[in-house]
Structure formats: structure tokens, C-alpha cells
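**Q** Start from the sequences and build out the full structure, keeping to the hints where you can.
There are 4 protein chains.
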Amino acid sequence: MKPVKAIKINKNMKVSELVENMKEAGFGAGKITEASRIMKKMFNDKECKVFLGVAGAMVPAGMKEVIIDLLNDTDIFVTTGANLTHDLIEALGEKHYQGEDMEDSELHKKGLDRIYNVYMKNKVYVTLEKFFELNFSEFQKCSNIRELLWKIGELCPGNGILKTCWKKKIPIFCPALADSGIGLMIWGRIAAGKKINIDAFDDMKEIIDFAWTSKKNGIIYIGGGTPKNFIQQSLQFSKGADYGIQITTDRAEPGGSSGAPLKEGISWGKMKEKAEFVDIFCDATIALPLILAAIR
Amino acid sequence: MKPVKAIKINKNMKVSELVENMKEAGFGAGKITEASRIMKKMFNDKECKVFLGVAGAMVPAGMKEVIIDLLNDTDIFVTTGANLTHDLIEALGEKHYQGEDMEDSELHKKGLDRIYNVYMKNKVYVTLEKFFELNFSEFQKCSNIRELLWKIGELCPGNGILKTCWKKKIPIFCPALADSGIGLMIWGRIAAGKKINIDAFDDMKEIIDFAWTSKKNGIIYIGGGTPKNFIQQSLQFSKGADYGIQITTDRAEPGGSSGAPLKEGISWGKMKEKAEFVDIFCDATIALPLILAAIR
Amino acid sequence: MKPVKAIKINKNMKVSELVENMKEAGFGAGKITEASRIMKKMFNDKECKVFLGVAGAMVPAGMKEVIIDLLNDTDIFVTTGANLTHDLIEALGEKHYQGEDMEDSELHKKGLDRIYNVYMKNKVYVTLEKFFELNFSEFQKCSNIRELLWKIGELCPGNGILKTCWKKKIPIFCPALADSGIGLMIWGRIAAGKKINIDAFDDMKEIIDFAWTSKKNGIIYIGGGTPKNFIQQSLQFSKGADYGIQITTDRAEPGGSSGAPLKEGISWGKMKEKAEFVDIFCDATIALPLILAAIR
Amino acid sequence: MKPVKAIKINKNMKVSELVENMKEAGFGAGKITEASRIMKKMFNDKECKVFLGVAGAMVPAGMKEVIIDLLNDTDIFVTTGANLTHDLIEALGEKHYQGEDMEDSELHKKGLDRIYNVYMKNKVYVTLEKFFELNFSEFQKCSNIRELLWKIGELCPGNGILKTCWKKKIPIFCPALADSGIGLMIWGRIAAGKKINIDAFDDMKEIIDFAWTSKKNGIIYIGGGTPKNFIQQSLQFSKGADYGIQITTDRAEPGGSSGAPLKEGISWGKMKEKAEFVDIFCDATIALPLILAAIR
Numbered sequence: 011m012k013p014v015k016a017i018k019i020n021k022n023m024k025v026s027e028l029v030e031n032m033k034e035a036g037f038g039a040g041k042i043t044e045a046s047r048i049m050k051k052m053f054n055d056k057e058c059k060v061f062l063g064v065a066g067a068m069v070p071a072g073m074k075e076v077i078i079d080l081l082n083d084t085d086i087f088v089t090t091g092a093n094l095t096h097d098l099i100e101a102l103g104e105k106h107y108q109g110e111d112m113e114d115s116e117l118h119k120k121g122l123d124r125i126y127n128v129y130m131k132n133k134v135y136v137t138l139e140k141f142f143e144l145n146f147s148e149f150q151k152c153s154n155i156r157e158l159l160w161k162i163g164e165l166c167p168g169n170g171i172l173k174t175c176w177k178k179k180i181p182i183f184c185p186a187l188a189d190s191g192i193g194l195m196i197w198g199r200i201a202a203g204k205k206i207n208i209d210a211f212d213d214m215k216e217i218i219d220f221a222w223t224s225k226k227n228g229i230i231y232i233g234g235g236t237p238k239n240f241i242q243q244s245l246q247f248s249k250g251a252d253y254g255i256q257i258t259t260d261r262a263e264p265g266g267s268s269g270a271p272l273k274e275g276i277s278w279g280k281m282k283e284k285a286e287f288v289d290i291f292c293d294a295t296i297a298l299p300l301i302l303a304a305i306r
Numbered sequence: 011m012k013p014v015k016a017i018k019i020n021k022n023m024k025v026s027e028l029v030e031n032m033k034e035a036g037f038g039a040g041k042i043t044e045a046s047r048i049m050k051k052m053f054n055d056k057e058c059k060v061f062l063g064v065a066g067a068m069v070p071a072g073m074k075e076v077i078i079d080l081l082n083d084t085d086i087f088v089t090t091g092a093n094l095t096h097d098l099i100e101a102l103g104e105k106h107y108q109g110e111d112m113e114d115s116e117l118h119k120k121g122l123d124r125i126y127n128v129y130m131k132n133k134v135y136v137t138l139e140k141f142f143e144l145n146f147s148e149f150q151k152c153s154n155i156r157e158l159l160w161k162i163g164e165l166c167p168g169n170g171i172l173k174t175c176w177k178k179k180i181p182i183f184c185p186a187l188a189d190s191g192i193g194l195m196i197w198g199r200i201a202a203g204k205k206i207n208i209d210a211f212d213d214m215k216e217i218i219d220f221a222w223t224s225k226k227n228g229i230i231y232i233g234g235g236t237p238k239n240f241i242q243q244s245l246q247f248s249k250g251a252d253y254g255i256q257i258t259t260d261r262a263e264p265g266g267s268s269g270a271p272l273k274e275g276i277s278w279g280k281m282k283e284k285a286e287f288v289d290i291f292c293d294a295t296i297a298l299p300l301i302l303a304a305i306r
Numbered sequence: 011m012k013p014v015k016a017i018k019i020n021k022n023m024k025v026s027e028l029v030e031n032m033k034e035a036g037f038g039a040g041k042i043t044e045a046s047r048i049m050k051k052m053f054n055d056k057e058c059k060v061f062l063g064v065a066g067a068m069v070p071a072g073m074k075e076v077i078i079d080l081l082n083d084t085d086i087f088v089t090t091g092a093n094l095t096h097d098l099i100e101a102l103g104e105k106h107y108q109g110e111d112m113e114d115s116e117l118h119k120k121g122l123d124r125i126y127n128v129y130m131k132n133k134v135y136v137t138l139e140k141f142f143e144l145n146f147s148e149f150q151k152c153s154n155i156r157e158l159l160w161k162i163g164e165l166c167p168g169n170g171i172l173k174t175c176w177k178k179k180i181p182i183f184c185p186a187l188a189d190s191g192i193g194l195m196i197w198g199r200i201a202a203g204k205k206i207n208i209d210a211f212d213d214m215k216e217i218i219d220f221a222w223t224s225k226k227n228g229i230i231y232i233g234g235g236t237p238k239n240f241i242q243q244s245l246q247f248s249k250g251a252d253y254g255i256q257i258t259t260d261r262a263e264p265g266g267s268s269g270a271p272l273k274e275g276i277s278w279g280k281m282k283e284k285a286e287f288v289d290i291f292c293d294a295t296i297a298l299p300l301i302l303a304a305i306r
Numbered sequence: 011m012k013p014v015k016a017i018k019i020n021k022n023m024k025v026s027e028l029v030e031n032m033k034e035a036g037f038g039a040g041k042i043t044e045a046s047r048i049m050k051k052m053f054n055d056k057e058c059k060v061f062l063g064v065a066g067a068m069v070p071a072g073m074k075e076v077i078i079d080l081l082n083d084t085d086i087f088v089t090t091g092a093n094l095t096h097d098l099i100e101a102l103g104e105k106h107y108q109g110e111d112m113e114d115s116e117l118h119k120k121g122l123d124r125i126y127n128v129y130m131k132n133k134v135y136v137t138l139e140k141f142f143e144l145n146f147s148e149f150q151k152c153s154n155i156r157e158l159l160w161k162i163g164e165l166c167p168g169n170g171i172l173k174t175c176w177k178k179k180i181p182i183f184c185p186a187l188a189d190s191g192i193g194l195m196i197w198g199r200i201a202a203g204k205k206i207n208i209d210a211f212d213d214m215k216e217i218i219d220f221a222w223t224s225k226k227n228g229i230i231y232i233g234g235g236t237p238k239n240f241i242q243q244s245l246q247f248s249k250g251a252d253y254g255i256q257i258t259t260d261r262a263e264p265g266g267s268s269g270a271p272l273k274e275g276i277s278w279g280k281m282k283e284k285a286e287f288v289d290i291f292c293d294a295t296i297a298l299p300l301i302l303a304a305i306r
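Heads up: the protein sequence lines correspond to chains X, A, E and Y, in order.
Take 11 as the starting number for the first sequence in the working numbering and just add one per residue.
Take 11 as the starting number for the second sequence in the working numbering and just add one per residue.
Take 11 as the starting number for the third sequence in the working numbering and just add one per residue.
Take 11 as the starting number for the fourth sequence in the working numbering and just add one per residue.
These are calculated hints, taken from the structure and not from any lab test.
Each statement offered as a hint is correct.
For identical chains, the list gives no copy identity; a pair is met inside one copy or between any two copies.
SDA-like, lysine to any residue: derived pairs with alpha carbons at most 20 angstroms apart: (1) LYS15 x GLU75; (2) LYS151 x ASP212; (3) LYS140 x TRP160; (4) LYS151 x ASN207; (5) LYS120 x GLY279; (6) LYS273 x GLU113.
**A** In C-alpha cells, the structure reads:
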């Protein structure tokens with residue numbers, strides 16, 4: 011047991027100083043410091059493969075650059091189709107917007123789609139259509155989701171998560187890609203009579219092989235959902251994680267995977283008993299920049 | 011405006027009486043009555059197709075029969091691979107368990123996997139292996155996820171959700187099936203050199219066609235995740251829902267689809283402006299039996 | 011370990027049957043049954059004094075009769091000034107209202123005060139003023155909060171919580187009574203030059219004596235706040251509770267008393283190590299009627 | 011509408027730079043910047059009286075210095091008895107502790123009281139007893155809670171919140187002081203036959219006068235509970251607030267004051283229609299240091 015030491019705010023303090031200052035505080039504050047420490051340790055551990063799972067609408071919230079920054083130290087990236095669709099939308103030159111609180115019926119009339127307090131013009135789907143129409147012959151050459159996503163990253167004009175993963179050859183897995191705007195674009199071409207043959211299970215081999223062949227594994231979960239679960243199951247049948255950070259506001263009581271604390275993974279063998287891990291109960295748009303800025 | 015009328019408990023009261031009694035109460039109580047009313051109305055509306063989306067570990071929690079009951083009035087069922095895997099596990103004769111609170115490291119030694127306060131023997135995976143090994147040649151004939159799930163329902167020995175959907179020919183969609191124990195079983199066969207060709211996007215046509223051709227749509231979301239989002243996007247590009255019930259404990263503030271209130275769907279055209287809908291903030295294992303029992 | 015048994019909905023089932031049916035289910039469902047069992051046991055245990063703590067705006071939500079029902083088995087009642095003010099408002103013939111969702115600025119123009127989805131006419135304060143003006147000479151004879159609250163219960167014309175506590179001589183404690191509409195009415199008289207001398211600490215003796223002299227203690231917390239904490243501290247310095255039920259949706263992570271699980275009380279000696287207790291994560295307007303109806 | 015601009019982490023960035031960077035992001039991130047902006051504006055507005063309400067166990071969590079820092083710009087401070095008791099405990103030389111996760115029954119045997127992930131030795135109550143025994147004759151001269159709290163601040167040996175408020179003559183209100191360790195100490199002396207006469211309603215005049223006589227009002231709520239409500243009701247019967255910041259993780263749906271968004275106050279007249287305000291959904295030990303450090 012160590013005494014709690016109060017957080018002290020100084021003039022012009024750096025983020026690293028603030029987070030260092032939170033170290034001996036209780037509740038969530040001390041966990042932020044612990045998350046920074048674990049993140050730094052897993053990034054610096056040469057034997058450790060880092061699995062990053064990102065759910066939630068992180069790109070519309072302005073978290074694209076933070077994720078790209080994390081990708082510098084990521085070996086495997088798993089995310090939702092929604093995040094990738096929004097990333098592609100920005101890579102195609104479209105934008106997300108902040109704005110005054112508006113009634114949903116009014117937004118509908120104005121052609122604006124709402125994501126909590128962020129808005130997107132519904133006509134971005136036209137831009138997406140054009141991109142998929144133009145490049146579909148290239149996409150037809152792909153046979154699994156990871157290949158398709160790298161191909162989108164290669165062909166999209168602007169920078170972003172997809173482009174970065176393609177450039178750095180970081181595998182992106184997205185088991186529910188059909189469940190997204192990108193999925194809808196594929197469906198649109200199929201509905202128009204075109205063919206594409208993307209296997210639903212093919213990517214599993216690659217992610218499970220990664221978990222098997224690595225010496226150590228580190229996990230970072232931003233939200234839960236499919237990204238968390240897909241990484242968790244690859245760890246279950248190889249070896250558990252050595253390091254873990256989870257940032258979510260979901261509750262444990264209703265029993266879903268998204269709200270389950272990391273320690274539950276110990277029973278399954280998804281997390282090693284002696285692993286270093288921390289659960290952060292916080293909106294990721296607040297906690298993640300803080301945790302990361304402290305170690306950059 | 012109508013006066014709030016206090017809920018009154020009577021001796022031996024029926025669930026329908028309790029829920030009727032909650033009608034003129036505030037906060038969550040009145041919403042339970044409203045959910046029962048909307049559920050009854052969408053079930054009785056002959057023009058309405060009912061889309062049921064179920065995330066969370068509902069089967070381990072003992073919600074299998076409640077879901078089977080709902081399937082009597084469901085036209086399209088979307089769920090997670092986890093729920094279907096746990097359903098299959100029970101259909102193969104294995105069980106889930108209630109028990110004393112135990113340390114995760116102790117559970118791991120005993121070969122028990124924890125799902126909040128429910129336990130499962132890790133050796134169920136052996137039972138699953140046998141089933142997939144035995145029947146894989148049949149599964150190889152399937153070309154999309156919906157076909158594969160019906161085939162599992164047909165071939166599994168016991169009753170449950172999969173069997174019910176197969177018998178009643180209710181389409182089950184599960185875009186992230188790879189992300190589940192069933193996915194792992196498929197992967198195991200592929201790793202052993204067998205072939206199977208399940209298309210990742212093929213199911214989209216069927217669900218979107220349903221949403222297009224129906225006169226009205228009703229949605230019931232138990233949790234969010236992929237099941238909610240997959241139904242939502244099929245509504246976005248056809249017509250919005252006329253009726254809606256969402257039961258979740260996820261927060262709206264972190265911006266994810268799972269915690270988004272149904273009214274946000276109006277901006278996207280996923281929900282009609284004049285739709286009748288209600289958001290229930292409650293553990294579904296409490297709210298759903300109450301809502302359903304009131305109308306059966 | 012016992013197998014999970016699925017909840018089954020029957021036609022016209024009673025609440026007691028539904029709750030019995032939830033017994034072998036997981037997550038929140040099984041906890042509802044456990045709460046009913048513990049509630050029944052503490053009510054039937056002749057050696058047990060029952061402490062009921064109620065925070066949150068239960069009266070405006072239509073929970074008045076449920077609380078009055080619980081008072082049949084309650085020895086000590088602790089609540090917020092807000093609940094008692096709303097109870098008095100109804101006892102004076104005023105009402106709370108359900109209604110369409112309205113903008114707060116519009117409500118303000120119409121003289122309606124909003125409590126989530128319940129409304130109250132702002133002019134109820136005029137009715138309160140009259141009652142306090144009329145009866146203040148009686149209130150001046152009181153020297154502590156418990157006496158004052160019984161006197162209000164005696165003098166108010168209609169039925170309700172205050173009237174019931176006065177009739178049944180159930181002590182009501184409300185340490186922060188100043189922080190409520192009743193407090194404002196007292197302040198109004200003081201501001202007009204009248205005198206009243208209510209001691210801030212005098213009630214502590216009575217509640218702590220109760221906890222000391224009882225053979226066993228049972229606690230029921232609806233929400234946290236001052237009601238929970240005031241009971242908890244009276245148990246800390248006497249003996250811990252033998253039975254406990256807590257219904258709240260507050261989180262544990264931010265460290266406040268309201269969200270702390272009951273087991274944390276064991277470290278403090280507020281809860282006995284061998285006590286029977288359960289934490290329910292649920293809106294009390296849903297869970298409490300269900301738990302209570304199952305045993306009435 | 012303005013485009014969302016992604017947060018970008020730079021090497022060695024200052025907290026003020028990070029928060030400035032969050033400005034054009036969505037979800038919680040942008041609200042952190044907005045809270046910093048509003049806090050700075052209300053602190054710099056010479057016509058504005060700042061009301062700070064602090065619930066939750068902020069002192070044990072290491073937030074004492076952050077609160078003392080806020081007190082530099084605070085005109086009225088309202089908090090729980092628990093926070094003041096923990097502040098006094100530290101001012102008397104005792105400590106709070108971080109430590110390994112331990113079972114509550116083990117903690118009980120070791121004489122450690124748990125507050126989520128912070129521990130306190132139960133024997134601090136002996137230290138408190140001595141302080142109250144020694145100084146009780148001074149406390150007997152006080153006639154309301156604010157006077158008593160300043161007197162404790164004056165007489166306690168060490169620094170902290172109580173000492174700061176006494177030195178700077180910032181009124182501290184704590185309507186439920188009986189509901190705390192300080193209350194227990196007062197009760198202990200009364201039980202031993204000593205007299206003290208602290209009025210339960212006397213403080214109301216002072217806080218309501220403040221709200222009446224100020225030109226503008228600013229509110230900062232850390233958690234809800236009695237501190238929030240006591241400030242809210244003083245604003246209701248004077249004029250509403252012009253600026254507002256609320257940091258809480260409580261839910262709105264169960265209808266309690268603690269989880270109510272600030273805009274609900276508009277219907278009551280507690281918040282002006284044109285007020286500048288923001289609700290932050292976050293553990294205050296994370297959000298508050300970030301918000302404050304950005305403007306110091």
C-alpha cells in the first residue's frame with residue numbers, strides 16, 4: 011500500500027506531467043497513468059505483437075489521427091466496417107461536421123445523418139458509389155476481407171487509416187464488413203449483376219497464426235463489439251495476452267463481451283494470469299488522447 | 011398531459027396487470043408498458059415485417075426460450091455468432107451454469123469459462139468439434155451464412171434457436187459469424203485442409219429485399235452491436251421502420267451505434283418520423299421477459 | 011454449480027411465477043429472484059429491523075404506493091427531502107404529469123418543471139406556501155427533523171408516505187431536509203421573521219440506537235445518496251447488516267457511495283461477512299415493483 | 011456547422027495544446043474543450059458568482075489539490091460531509107492508500123475501509139475523536155453548519171479544503187453534515203452528554219441571498235447529490251445560472267437529480283435559456299484535471 015498523493019495542476023504543464031501526477035491518485039485517474047505505462051511497455055517490448063481493436067464511431071469523432079498514431083506500434087488491426095467507411099469517406103474528400111443540436115426530423119429534411127453530436131451529409135453515399143464503381147474490377151481480384159481492405163487503402167486518393175494500413179502492411183480484419191457502408195457498396199454492385207467472391211472465414215487463419223507464432227501478445231480495445239471479440243477468440247486458442255488496455259463505458263452486468271472486464275478473460279485463457287492490464291471506464295475520445303499523448 | 015398514477019401491487023397479480031399498472035407511471039416503468047403495447051401492435055399488424063436483432067450473451071443467461079417465443083412473430087432474425095454458438099452448445103446437450111462467485115484464475119484451473127455470473131465448461135469445444143467434424147460435408151454445400159446456419163439448425167440434435175429458425179424458415183443473419191465459436195470450428199476444418207466457400211456479402215441481398223418489399227417494418231433490438239446495425243442499414247436504403255423497441259444499457263455519449271437512441275435513426279431515414287418507438291434502459295434479462303409476458 | 015434453466019413465458023402468468031422462473035437464469039434476471047427471496051426473508055425475520063433508504067424522484071415517477079407498501083415491513087425510513095416534498099405536493103391535492111416530450115424552454119414558458127419524463131406545475135409552490143403558512147405554529151413546536159416530518163404527515167390532508175409514516179409511527183430521517191422544497195418553505199417563514207429551531211444532529215441518536223439495539227438488520231436501498239449513506243454509517247458503528255438489497259444504476263468506478271456495491275460495506279463493518287445480499291443494476295421503477303409483486 | 015478536425019498528438023505537448031486540439035472533435039472530446047472555455051469565461055466574468063458543488067469521494071481519490079485550486083475562483087462551495095471528513099482526516103495527518111485488490115472480508119480483518127480502489131485505516135476515527143474531544147468547546151459556540159465548518163477549518167492543524175475555505179472566507183455549505191464522519195463525531199459528544207445547537211435550516215438564507223444579489227451565476231457540479239441540488243434550488247428562487255459545467259457518470263433515465271442533464275434546469279428556471287453550459291460524461295478524476303490544467 012502506498013499513500014494517495016493529490017494531483018496538482020501546474021501552469022503550462024505538459025500532458026506527460028499531468029499523467030505522471032495522476033499516478034498516485036485513486037479511481038480513474040490512477041488508471042490513466044497505469045494505461046500509459048502498460049501501453050509504453052507493450053510498444054517497447056520487442057517480443058510482443060500488438061493487437062488493436064477499435065469499435066465505435068471513432069473517425070467521425072475526430073480520432074482518425076490518434077488511431078493512425080497508434081498504428082505506428084500496431085501489428086494487427088481489427089475494427090468495424092463503420093469506422094473504415096467513415097475513414098474512406100474522409101479519404102474521398104468528404105467531411106464530418108460539428109454543429110448545433112438539431113431535431114432528427116429536421117436533419118432528415120436537410121439530408122444530414124446524425125452520429126450523436128456529429129453530422130454527415132447523406133450525399134457522401136454518392137461519392138462512395140463512384141469510388142466503388144470506378145474501382146470494382148480491382149476489388150474483384152480480392153478473395154478475403156483483409157485483401158479487399160488493403161486494396162481500398164491502396165486505391166483511395168486521400169490519407170487515413172486504410173491508406174496507412176496498406177502502406178505499412180498492417181493486416182486489417184473486419185469480420186462484419188458486410189455490416190457497413192462499404193458492405194452496402196459491394197451489395198450495390200452485386201445487385202447490378204457484378205460478381206465478387208470474398209470468403210467469410212478466410213481471414214481467421216492469419217489472425218490466429220499471428221497469435222500462435224508471437225512470443226507475447228498485447229491488446230488494446232477501444233470499445234468492445236466484434237473487434238474485441240475477434241481478437242479475444244484468436245488469443246483463446248493460442249496463448250493469452252501479456253498486456254491489456256480496455257477503454258469502454260459499457261456495463262458488465264448485462265453480460266455482453268463489450269462490457270466484460272479484461273480479467274474475465276483469465277478464466278477463458280484469453281488473458282494470462284500474470285498479465286499487466288487495466289480497464290478504463292471512459293469515453294475513448296477523452297481517455298485515449300490523454301493516455302497516448304503522455305508517452306509520445 | 012395526463013396525471014401520473016401510482017403503480018399498485020396486488021396480491022397474486024398477473025404480469026399483464028403489473029405492466030398495465032405501470033402505464034401511467036414515469037421514468038422506465040411507463041416505458042415498459044409502452045414497449046408491450048408497441049410489441050403487440052407490430053405483431054398484430056399483418057402488413058408489418060418484424061426484424062429481431064439480438065446481441066449480448068442471451069443464451070447463457072437463460073433467455074433462449076424467450077427468444078424462441080419471440081421468433082413466433084419474427085420475420086427476420088439477426089444475432090451474434092456467440093449467441094448461436096451457445097445455442098448450439100445447448101442443442102448438443104451441454105449446459106451453462108450458475109454458481110458461486112469465483113476468482114478467474116481459479117476458474118481457469120477448473121476449466122470453466124466465465125460470462126459475468128454464468129459459467130461454461132471449456133470442454134464444450136470438444137463436443138462442438140465432433141459435431142462439425144461429423145457434419146462438415148453437409149456444411150460444405152452451403153454458400154452463404156444464412157444457408158449454413160439453417161443447415162446447422164437442421165442437423166443439430168436438440169431444440170433451440172437454430173432448430174426453430176430452420177423449422178420455421180426464419181432467415182438468420184449473422185454477418186460476423188467468423189467471430190464466434192462456430193467460426194472457430196469452421197477455421198479448424200480449413201486449417202486441417204478442408205474447403206468451404208461461404209460468401210461474406212451474399213446475405214445482404216436477402217435482408218435488403220425484405221426491407222424493400224415489406225409494407226411496414228418493425229424492429230426489436232436486444233443490445234446493439236452488429237445485429238442492430240445490420241438491420242438499421244437494411245432499413246436505411248429501403249424505408250424506415252414504423253415500430254421500434256430497443257433494450258440496452260449502453261450510453262449514447264461515446265457515440266457508438268449500440269448506445270444510440272432510436273430517434274437518431276430518423277435523421278438517417280432508418281426510422282420513420284411518425285414511427286411508434288421506445289428505448290428501454292434496462293438489462294434485457296429483466297425487461298424482456300416482463301414486456302413479453304404481459305402480452306402472451 | 012447448478013445448470014442455467016431458461017426463463018419460460020406462459021399465458022397469463024403471475025408475477026410470482028415469472029420471478030420464480032427467473033431463478034435459474036443468469037445476469038440480472040436471477041438477481042431479481044434473489045432480491046425477492048432476501049426481501050421476503052428479512053420481512054419475515056422477527057429479529058430483524060428493516061432500514062429502507064429511498065433516493066431519486068420516486069414519487070413523481072408513480073412509485074408512491076410501492077413505497078407505502080414497503081413501509082408495511084419497514085422499521086426505519088430514510089429518504090430525500092425531494093421525495094417528501096413531492097409526496098406532500100400530492101397529499102395537498104396537486105399532481106405530477108406524463109406528457110409529450112417538450113423543449114425545456116417551452117416548458118419554462120408554460121410553468122412546467124421537468125423531472126426526466128414527468129412534469130409538475132410550478133404553481134404547486136403556492137399550494138405548499140399556503141400549507142406551511144397555515145401550520146407553521148405547529149411546526150415551531152418540533153425540535154428535530156423526524157418530529158417535523160411526522161407533524162407534516164399528521165397535518166397534511168391527503169394520504170401518502172408522510173401520512174403513513176406518521177400513522178404507523180415509522181421514524182423518517184432526512185438529514186438534508188434543508189435541501190428540498192420543504193426546506194425552502196421553512197426558509198420562507200424564517201425570511202419573513204418567524205422562528206423555528208430544528209437541530210441538525212438530533213436525529214442521529216435515534217437511528218444509531220435502532221442499529222445498536224436490534225438483533226439483526228436488513229437494508230433496502232433504492233438509489234444511493236444521503237439515504238443510503240445515513241443508514242450505512244449507523245450500521246458501521248453498531249453492527250453490520252444481515253440482509254441487503256440495493257437497486258441502482260450508478261457506476262462503481264467513480265468511487266461515490268451511491269454506486270458502491272454492497273460488498274464494499276464488508277470492509278467497513280457495515281455489512282456482515284455472512285450477510286445475504288444482492289445488487290440490482292436496474293431502474294428502480296422497473297425492478298422494485300417486480301421484486302415486491304412476487305412476494306405479495 | 012464546422013468540419014470535425016482530428017485530434018493530433020504531438021511530442022511533449024502541453025495539456026492546453028491537447029485540449030485546444032480536441033476543440034473540433036466530436037463526442038466527449040469537444041465537450042472537454044467547451045468545459046475549459048466556459049470555466050475560464052465564468053472565472054473571468056467579474057459579475058459572476060461561482061457556485062462549486064462537489065459530491066463523490068474526491069479527497070480519497072487524490073483530488074484535494076484540484077479542488078483547492080478551483081476554490082481560488084469559487085464564491086460558494088457546497089459539498090458532502092464525506093468529502094469534508096476525508097479532508098479533515100488528511101489535515102490531521104492521516105492518509106488514504108492505493109493498493110492491491112483485496113477481498114473485503116480480508117480488508118475488514120486488517121482494519122482497512124475500502125472506497126472503490128482506495129483504502130483508509132479504520133483507526134483514523136480515533137484521531138478524529140481526539141480532535142473533536144479537544145476542540146468541542148469551540149464548536150459549541152457555532153450555531154449553523156457553515157460556522158462549524160469554518161471553525162473546524164480554523165482549528166485543524168494541517169492544510170486542505172476546510173483550511174482553505176476558512177482562510178479565504180469562502181462559505182462552505184453541507185446540508186447533510188449529520189450524514190458523515192464529522193456528524194458521527196458530533197453525535198459521539200452528544201451521546202456523552204455534551205450540548206451543541208446547530209440549526210438545520212439556518213444556512214439557507216446565506217446561499218439564497220448570494221444567488222439573489224449576484225448579477226450572474228456560474229455553476230460547476232462534480233457529481234450530483236445534495237451539493238448539486240442545494241445549489242439548484244437556491245438558483246430556482248432567485249435567477250437561473252448563466253454558465254454551467256456538470257461532470258457526472260450518472261444516468262438520466264432513472265430520473266434522479268444527480269443524473270439530470272443541465273438543460274432540464276431550464277424548465278425550472280434554474281438555468282437561463284441563453285446560458286452557456288456543457289454536460290461531461292466522465293469520471294471526474296480524469297476530466298476535471300484535464301479541464302482545469304488547460305486554463306491554468
